[in-house]
Amino acid sequence: MSEKEKILSASDIVVQFQLRNKMLTAIRHVSLDLYEGETLAIVGESGSGKSVLTKTFTGMLDSNGHIESGTCMFEGKNLYDIKTDAGWEKIRGKKIATVFQDPMTSLNPIIPIGRQITEVIEKHQGKSKEEAKAMAIQLMEEVGIYNAAGRFDEYPFQYSGGMRQRIVIAIALACHPKILICDEPTTALDVTIQAQIIRLIKDLQSQYGYTTIYITHDLGVVANVADRVAVMYAGQIIEYGLVDEVFYDPKHPYTWGLLSSLPQLGIKGSELYAITGTPPSLFDVIKGDAFAPRNPYAMEIDFEEEPPFFKVSDTHYAKTWLLDPRAPKVTPPQQVTTLHERMQEALIKQEKQEGLI
Amino acid sequence: MRKYIWGRILRSIISIFLVTTIAMIMIYTQIPREKIFKNDSTYTKLGGDADAKTEYKYTKWEKLGYLDFVEQKDMCAVYTGSEYNACMEVDSDAVKTIVQDYVNKGYTSAVYTKNGLAYVYKDKPVLNIVWNFYHNMFQLDNPGRVTDPDNPNLERKVYAGKDYAGNFAIMCSGCDHKYLLYFDGSFPWIHQNFIMFSLGTSYPTYDGQLITDVIGTGQGTDVMTQKTFETGQTSKSALLLHSCTYKQTSTLDRLDKNKFNDNYAYCSSQKSDPSMISQSMLFGTLALLIAYVLSIPAGMSMASHKGQLRDKIGTVYINFMIAVPSLAFIFLARVLFSSLFALPDKFSILGAHDVRSYVLPIITLALLDTSSIMLWTRRYMIDQSSADYVKFARAKGLSQREIFTHHIMRNAIIPIAQSLPSNIILTICGAVITETVFAIPGTGKLLPDAIKAYNNQMIVALTLIFTALSIFSVLLGDLLITWLDPRIQLVDKEGGAV
Amino acid sequence: MSTLENKAVNPAADSSKFVFVKMDKDRTEHIAAPKYSYWKSVFRQFFSSKVTIATLIVVAAIILLSIFQPMFSGYDPVAHKNINDAATHFITPNFSNIKYWFGTDSLGDSMWDKIWLGSRNSMAIAFIATGITTVLGVIVGAFWGYSKSFDKIMLEVYNVFANVPFTLVVFVLMYILGSGFWQLIFAMSVTSWLNTAYFIRVQVMIIRDREYNLASRCLGTSTWNIIKNNILPYLVSVIVTSVSRDVPSFISLEVFLSWLGIGVGEQVESLGRIISFNTTYMSGTPYLFWIPVAMSAVITVTLYVVGQGLADASDPRTHM
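Protein chains in written order, with the numbering used here: chain R, 1 to 357; chain P, 358 to 855; chain V, 856 to 1175.
Careful, some of the hints might be misleading.
[Stated by the list, open to error] Taking lysine to aspartate or glutamate pairs in the EDC-like style, the calculated list, with each CA pair at most 20 Å apart, reads: (1) R:Lys95 / R:Glu68; (2) R:Lys133 / P:Glu759; (3) V:Lys890 / R:Asp284; (4) V:Lys877 / R:Glu300; (5) V:Lys877 / R:Asp284.
The hints are simulated quantities; they were obtained by calculation from the structure and are not laboratory data.
Bear in mind the structure is a predicted one, so any value in this text is a computation, not a measurement.
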């Protein structure tokens, strides 16, 4: 892993939001490294801070938010030093591009599709109108738009949801960015389209050579596309590692809870598992482990001291007191330990079905 | 799409029709008939002569369509010579039977207080008036229209030829107008007289004049220019020769005969000032334009500096303008500006040809419009700035300015077009107040004047005009949006609130 | 990834802490947000702005004065008691006698008396007309938004009458009905209620289909409870906004119509009539003209500000 270049390195980020008269701490001391060419998935519930974190990489925090502390090194410079829009314009779209969740509203409804692609090309690459148009049409074909030249002047409402998301991806890739942030890009789409889009992003990655950050709450997608995964809870990363490591050898009780909640892998005849309770309010200062109140494996110390990251392997770290040598030995729930087998079974079943077809 | 447009046009016409008809019915049934004579100078001149007054009233009412009026002399018209004289005696038998006939048919009988002669009258249903109004609205001029007992050999034909200036024209002998189709240098260069639009005759103010003339013809003094008439006479005259209509032979005078070879000697004159409707349109359009020019940038500026000082000041201004009574504001503005800038505070002081007369009223009317445009613009800009596509555009790396000009502005045109009709209506309403206060001779001032004078015909005509203007501007707004918004163009939408 | 190594945790002292704790169900479901009461929040929000409070005091003063002063003033708008006593005419405002605070007019009537009676009538007209418009508009609008068949019919009616210029219709109506206090109220109400109804209809349609209402219905909540708890709080803000716009606009209309002579008529005192009567004195004795004009502006602006404040306060989205 250390042979790969670190393309982005964020350390000790604290992000706060001013809401009326109160201060909400959305990101509480997060550090993250991104390696060139990989796909990193960030997983977590709504409100865990996954979107906010990536927004800081492009300076897209809402106006009532600010980066309280921390740095984010990219191309030798600290991104958080950029204070002006003009400064961010050199990064956004050009170096770091974003694909948002809802393709219905990401595109301007009264401007033709082609124009929305070419304006990015014209701006960042200084191409002429004709050159940009040719490049845009080629892009459209690459993302799978049939009859791209003919559809160049059409409007978004003439495209289906899946096609619009392809256009959004095309726009994002138009300037060959180094990093592509995908913020739940398939949540608003049909399941069948989801698979296509995920596949598309993956294929284009090998072609264009960008690094992907995938934000999602869907573990199935993570299993499909990610090289590494980071699990976020209450504004912190609580476990991260290679996908296999986190899926088959998770160490944080929250990760156990997440994996146990997968309905597809539920054990027939037993109750479906769910993590009780709700995440804590980020308005208050949290003492100890944020997950403690909901943690069936919580210990006294979880309520008093925040756990540090414990090393599981060179690539796998988890932030739980359970990994402390003084903690009692705990076996993860059955759903977690048998996960690997049941996934194999499910896969074989699926292949059988396809094979039979 | 086409079906949609035709549907809307039909609906608009029905609206105008319904509103005007309801207004007409209510006016002619509810307004006491006596009131219309208050401002009639002829009536007041009749002074103490009760009989003359009664006759005048009933004749007028008949003319206006309220009732049917038959006098003794009409009843006796069946007789001639000595029988006629016998019939015309007070309380004669002949008359009595005739009167009884009428009474049996539902008429009310009465006698003149002084001379004792009899008369009968019967109310006509108000729908009669309504019918006449619409029936007379559009008429075709044709060679059979003119009846002149003194000119039995009047040729009746439509022919093509050259007009007085040597240009091609289609002319008519026997129609009301001499020139049915003609060309000249003024917009729209081709003019016609064969379809005539009439909104009735005005009474008691502008007595006898066609309402369309009152509203549509120039005001002020005559403009004399050197003209050559068809008889060869050259003199200074204000007459507009293309407008000449048939004048009864019995009323032709020497001056007419010196100028014209035929009976078409009743022509309108060129006036120095614009017509009432041009005045109001000029005034209203300018005010609306200025209102937009001022308000949109102001609203945008407020939106981009939300919460800051200029936003706060703007909001105070908007709230003030919405709340303060229009009348109070107009007086305030008038006093302030006229003393600050030495501008005339009444239109008539400097007249229609001095630019300074226009400044105050236009600015006042414009300011009245600004509050709603500013409020809306600000709200729209704020909403758009947090729209998803704007976020995406930012993430693409576009600058604030680029997003603003290429994205937000494009989208802004649509709601601007959408708000245009309601602002036009607002301007029409505002113009009524402004014109009255500044005494501007336009259609706006005409309405309160007509109301004070009980000029029912004018009121009905104005209702029609204003309603038509409003409803068609709404239609226009819809069509504009359909044209501008690509989403609507190609998608056929059904129903819904318009 | 950079890691946070063991912080200052004393290994020996804290080994005892590594024992399991029974999970407390209540703790997991702890909701951090404070308890919310709608009307309390409205109250709190409304009185949080100093400007609103100050304006409210002014409004209260004006309303109280206009209700009570005419009761005790003995002023009769038709009698003109001092018409023959030239000494009482055109007295410029001075503080010698409360009746002369606003001076006297050309007929010797106290402007102080006239203003308060006129304000009372002008405000009464506006409030009653607004009341009728709002009640009628809300009732019809609510049905309109709820029932699809009624919607169809009403839309046709609405499309015919909606786009007719309001001011002009009131004009013609006043002409037909003749001037007078109740005629004016009728004319204003009849032309405005449809717009209010449409406005309410749109709002009701938006709320009706919101998921939380569907959810309530699925859970078996009675229609009345849905209206009371889900829809009403949202509508309150909407209705208050509409009212806060209507009242000043009606006062403005009354002032203009009465100024023209087709408003309240000769028998009733109103601000518009006072202004109309004194328009000729604008240059000679300006106080006669400008005091009623200023009064009308003060009334409308203060009412509007208070109304807006209430509308903002009752909008649940501003409660935090």
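Against the structure, the hints:
1. Restraint check: the Cα-Cα separation between lysine 95 of chain R and glutamate 68 of chain R comes to about 24 Å, which exceeds 20 Å; the hinted pair is violated.
2. Only pairs whose Cα atoms come within 20 Å are accepted, and lysine 133 of chain R paired with glutamate 759 of chain P is accepted, the gap being roughly 19 Å.
3. Pair hint lysine 890 of chain V plus aspartate 284 of chain R holds up; C-alpha atoms about 17 Å apart against a cutoff of 20 Å.
4. A hinted pair counts as satisfied when its Cα atoms are at most 20 Å apart, and lysine 877 of chain V with glutamate 300 of chain R qualifies at roughly 10 Å.
5. Taking the CA atoms of lysine 877 of chain V and aspartate 284 of chain R, the gap is about 23 Å. The hint is violated against a cut of 20 Å.
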